[in-house]
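Taking the hints into account, I'd like the entire structure generated from these sequences.
Protein chains in written order, with numbering that gives the first Met the number 0: chain F, 0 to 394; chain W, 0 to 394; chain P, 0 to 394; chain X, 0 to 394.
If you are wondering where the hints come from, they were derived from the structure by calculation, not from laboratory data.
Keep in mind that the hints are not guaranteed to be accurate.
For chains that are exact copies, the list does not tell them apart, and a pair is met inside one copy or across any two.
[Claimed, not checked] Derived SDA-like pairs: lysine to any residue, alpha-carbon spacing no greater than 20 Å straight-line:
id: 1; residue 1: Lys-326; residue 2: Tyr-156
id: 2; residue 1: Lys-309; residue 2: Ser-283
id: 3; residue 1: Lys-309; residue 2: Ala-163
id: 4; residue 1: Lys-309; residue 2: Arg-284
id: 5; residue 1: Lys-309; residue 2: Arg-331
id: 6; residue 1: Lys-309; residue 2: Lys-326
id: 7; residue 1: Lys-326; residue 2: Trp-43
id: 8; residue 1: Lys-309; residue 2: Arg-288
As the structure is a computational prediction, the values presented were derived from the model and not from experiment.
Number of protein chains: 4
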Amino acid sequence: MPGSSFQPAGELAGVPQIGVGVIGYGFMGRAHSLGYKRQIDAYWPPKVLPRLLAICGRNGERVRAAAQRWGYEGYYTDWRELIADPAVRIVDNCTQPFLHAEPSLAALAAGKHVLCEKPLAPTLAEARQMRDAARQSGKVHMTGLNYRFVPAIRLAYEIVQSGALGELQLFRASYLQEFRRDPTMPALSGSPEGRGRGVVGNLGAHAIDLAYHLVGDIARVSGVVVNHIARRPAAAGASELIPEKEEDTAHGLLEFANGVTGFVEATQVATGRKNQLVLEINGSRGSLRFDLERLNELQVYLLDEQDPLKMGFRDIVVTEGAHPLLKHWWPRGHVLAWENTFVGELNHLLTCVAEGRQAGPEGASFEDGYKAALVGEALRVSSREGHRVDVQSLE
Amino acid sequence: MPGSSFQPAGELAGVPQIGVGVIGYGFMGRAHSLGYKRQIDAYWPPKVLPRLLAICGRNGERVRAAAQRWGYEGYYTDWRELIADPAVRIVDNCTQPFLHAEPSLAALAAGKHVLCEKPLAPTLAEARQMRDAARQSGKVHMTGLNYRFVPAIRLAYEIVQSGALGELQLFRASYLQEFRRDPTMPALSGSPEGRGRGVVGNLGAHAIDLAYHLVGDIARVSGVVVNHIARRPAAAGASELIPEKEEDTAHGLLEFANGVTGFVEATQVATGRKNQLVLEINGSRGSLRFDLERLNELQVYLLDEQDPLKMGFRDIVVTEGAHPLLKHWWPRGHVLAWENTFVGELNHLLTCVAEGRQAGPEGASFEDGYKAALVGEALRVSSREGHRVDVQSLE
Amino acid sequence: MPGSSFQPAGELAGVPQIGVGVIGYGFMGRAHSLGYKRQIDAYWPPKVLPRLLAICGRNGERVRAAAQRWGYEGYYTDWRELIADPAVRIVDNCTQPFLHAEPSLAALAAGKHVLCEKPLAPTLAEARQMRDAARQSGKVHMTGLNYRFVPAIRLAYEIVQSGALGELQLFRASYLQEFRRDPTMPALSGSPEGRGRGVVGNLGAHAIDLAYHLVGDIARVSGVVVNHIARRPAAAGASELIPEKEEDTAHGLLEFANGVTGFVEATQVATGRKNQLVLEINGSRGSLRFDLERLNELQVYLLDEQDPLKMGFRDIVVTEGAHPLLKHWWPRGHVLAWENTFVGELNHLLTCVAEGRQAGPEGASFEDGYKAALVGEALRVSSREGHRVDVQSLE
Amino acid sequence: MPGSSFQPAGELAGVPQIGVGVIGYGFMGRAHSLGYKRQIDAYWPPKVLPRLLAICGRNGERVRAAAQRWGYEGYYTDWRELIADPAVRIVDNCTQPFLHAEPSLAALAAGKHVLCEKPLAPTLAEARQMRDAARQSGKVHMTGLNYRFVPAIRLAYEIVQSGALGELQLFRASYLQEFRRDPTMPALSGSPEGRGRGVVGNLGAHAIDLAYHLVGDIARVSGVVVNHIARRPAAAGASELIPEKEEDTAHGLLEFANGVTGFVEATQVATGRKNQLVLEINGSRGSLRFDLERLNELQVYLLDEQDPLKMGFRDIVVTEGAHPLLKHWWPRGHVLAWENTFVGELNHLLTCVAEGRQAGPEGASFEDGYKAALVGEALRVSSREGHRVDVQSLE
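Structural data, given as structure tokens:
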């Protein structure tokens, strides 16, 4: 029997809740589920909270386990029903790319707010259709470009916006993984589910989005998009090798509308690189550099006429309460994880829904997801055709 | 009305649950609460789960909010009642150091398993009493030395244990913060609650514990323990300055029983250092280095007769599924946070309770917390008396 | 009067000496002169030494000072006479690019061995003429691509050659300076002497050469070559702004004959970057990374099936006596300078002359200098015409 | 026959020359010889130049080779005669420590200016005698503590002097090498020439000197001085092991007269550390950090009330012409070597002699060399006797 001072906790009252349904329970389904669950961990007192209504997957047993694990009230095995559920106000599409378009379009058509993981779709045509539908919907729409919610990236954004770097001139971003380095890993093109999982959409979308977000519109690109491992097993353990169509490497030269020049690169066969997205921006009065493997740090160089002998790239440990997105976490120097970015991203989504405003410029909308797809396609076209591509020409 | 395929999630069945009561809802109370809540995030299927019975604090309103926020069934305002609650099997003491001894002793006396935050107590006498009680209790006892559960530290431990570094020779550890750099911050000694919050117990305990954990018993120390900011306001905003008795800086020379020599250092007035615990071990055949601000990395040097031209400190990004403590988290390169260490630490506690075994050597017991207190006291004695101190002499 | 044990040093006997004449006493003239002078500092006992016959410049007073400072026997004010001097066996052309072709061709025609600073010439046509003449001469010819003589680069070369990285797949190189960041710096195009001093030849040549040297032949490129500071003062202090024709920035996508893909970049307007040439190569079994600002270090990643948990980029401090090019310098860890690369480069030149062999593959010949020019021109053509350029098509 | 425009270089006229005699032609003899030779490389027009009169060594053949190699007019085999040579105004003692005292004292007695390599002597008594003699001599006296002439260290000195770090509070320095890691290396104590070559004088002197130079007088120390490799072969290749008396490791706690606390450490058995002297100073308003393996860089943290979100350790690439000691070297980013420090050090010596002033505070005098010896001895005494040592008590 509990002691006499024991009091039941009672319900957390008076906080608006927004019904959420998540489609998919894999890598991203897990990351988003934890991002929702952790809203209350980070934000207090909470202004808005998710109500985790349902998660959806085709395998009933597995999706039930996911629902139990992550605290959903229940689960669906048919995403159409999840979308049709009137209590679901936000549909969060965490499926593989081949399933991004149809449910997202259906959700928009059903009047839901939609978060769709990147890439928006395996093809530009689908991505465009999604963008158009989102535009017309009047609903909140976001693409899962969560690196905008890395505190150091947000600080970088604020520094650029403040003009502290002067006129921007140069940009470079390399997103390097070794995830598909092993040639015995089966071909993505071996199954329908692999469609759209090539590196352009998988990693490239992040790098391209940060280029847009931090620097501005990309006007022209030249690209080289290849498979360094050109043939892979048709399936896990298969001895038959088939051509891999989902590219493992993409390089692009970028010319921005504002005159900045630079490059972007994404690969999943860079031996030794675990998850390294390095980007650098040089402006007439300063520069900045970021590395995702050290995501709590931002390197910034600022011209200082008063004290020219003490200039150098500063390694800012972006963990102060006064730094962006950090008010609600831990004391300085207590570093955050990759997974924490989803807490910020989903808080933004919930806040936008609660306040009736769109996700930009801080968050990535379907417009932004579409832009990433557009540039990705431009890289492929340029690579295939051997000439520079005007990005708008693909619109 | 939900769709026809909707199924309620149902209860997660068949997982043993262990009743937990947490005392304190501040910085550590929050970190532990999230660590318990996140067991299921990391470990799946779970072998054991905490049942979050109650949290305890003196302020009823605040502790209720904490209970609601972190999902406790209820709360207490009297820690004696929490301890007396028969459903509580683990008492987790997250109070300030001045309240570490009495509740921990009471909990042990009541037959509870106990986790107490570091430092075990403000005085060595209290710490010894706690250690002795824990020894006799037969219960699981842990000290909140969570850095043992940083994956890179666990990897370091395994490397040392494997003999890959050869015979150990040198050790150094500096734990640097700037948290108390500002001289207008009030004196810890200004209130009873500040007792035991000086740097020796606050930061030094971590560094000393890692010395024991990774290298072995410390035989002799010489110390310099000081306050670089010798006088501080009596209270926040007060103009009166009083002497600060809780030290802000401690340096020590260490002589280990196995012949290793080195030093340990902790300070909270190192301008610019956010939360930097750097440690290095040199052995006859290799070395390793760790930095808490980059807690996903471990630097390792290994002699290689075959390939002497390619030797260098390797920067291991400790995020592979095969790395220790990482099986249950994210794909490689998706870095973890400081807060994730508590998930590992509390999983260890729950597992030990479930399996009926003690916390060592992976986890820090009250024996280990006591050793940290012993060396801390030895540093103070050496500093005061001006001579080397045999650590055992203070037993 | 000196003591009785005093003995005059006497002449260093029995070492073959090769007569050297250097044209130009500016930045490179100084670097080369010290490189010759320091042969004896590094190599002992010397197998061959330079005889510093003459240095040449148009301003008699200044060139005499240079001759006195650097220990030349005399000086010329007409490079034609220096070339005609029968004692001069090596003509070292350290002039500005606009003066590279004519004296180098004349020297080859006169039967001299020739070292010409990079870029070989301001135009591809001139560079080709120089390459052809060198080919036919039978003399030793080198281009001043001294980074091949950074010990860490030589180690990188040896690692690549050994096959330790497996099949090469990816390459990236960024050469970033801020040297021309200041828009009040006068236009290079404002004077004839500025011709060929744009970033493609100035910095790009180094990066392109290392791509060839370490990876292999470049088959196709796409380029963006621009001036971020499009107009500059016509002369120092002038208020009139003229268009700058010598580009400050060049970006290129590279497709190598062996299938490697990647990029190269060079700019002199990257605020905060002093002299940072970062390059990275990824192969199927390993990777390496180099940064010129830390030229004593090489980062290498090697797959290790035996010990997969300890893999990481190793930071090799390339200063061991057993490391390439280091036998003759200092004990390990006593780091070398940028200027030391010239000692190695000129030793190679002198040795090739003494032994009657060509400069490759360790040193950069006129063939190599021409290749750098060819790719540079291909970048410009691609940038202008907007399509990918087959490098051989410009031959 | 040379061309008609050929002019002989002629003599460099009008530059005062100071006769130099160097004793010893080993590691330091070489470093100093090149430092003298390179005066003209760095400083132009030169205000003063060394006249390299003679080098001295016991082995006539070898010392003649050294004289030829480094451009001395002649050589001695008896250091007494070198000192007696009236043309020699500066005696530069580059012998092993066991030979530091006698020739240095003789040179001072003979009215010479003296540079003696560190450590000043194997024993404190000898060092004191040298310090006293130097004081009384009225001549310029320097100890070979060349790291004061690393540009980044000089910049650190200027930053500290400027008050930019506020009140200094903490100091730490670790000088780590692996030079004596191999236990088959013969004992230094096996031969008389090894006397004084233990790590306290060899490396510790540098670290202690920088503590004095940058922070101030050291009042009290506690020390642990040991041999991790306690027994070594009596001679190279010998199977007999003898106790090594020249310590391989020293650790010390430091209490400075101005209240700064910290530690110093030196070891030659730190596996993997090539030549890493890391030091850090924390003050009330800023901090700095230096690493000798990256000697062209200085890390500086400065509080900035205006812009608190952009504070971080800046990595200053100390290679600008406006940075201290760099006016005469290369353009920014063209990094210098360890050996360049001797050029600066010897220029300081020559300038002091020419201008009739003492070496401090920029250069290390015999006073400074003595202080390093004093603290080194205090560390040993503390280690042996087990108590804190008041440095002045050993005076």
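Structure-based check of all given hints:
| no. | hint | result |
| --- | --- | --- |
| 1 | Lys-326 to Tyr-156 | within (17 Å within a copy, 34 Å between copies) |
| 2 | Lys-309 to Ser-283 | both (18 Å within a copy, 18 Å between copies) |
| 3 | Lys-309 to Ala-163 | both (17 Å within a copy, 11 Å between copies) |
| 4 | Lys-309 to Arg-284 | both (15 Å within a copy, 15 Å between copies) |
| 5 | Lys-309 to Arg-331 | between (25 Å within a copy, 14 Å between copies) |
| 6 | Lys-309 to Lys-326 | between (30 Å within a copy, 16 Å between copies) |
| 7 | Lys-326 to Trp-43 | within (10 Å within a copy, 31 Å between copies) |
| 8 | Lys-309 to Arg-288 | both (18 Å within a copy, 13 Å between copies) |
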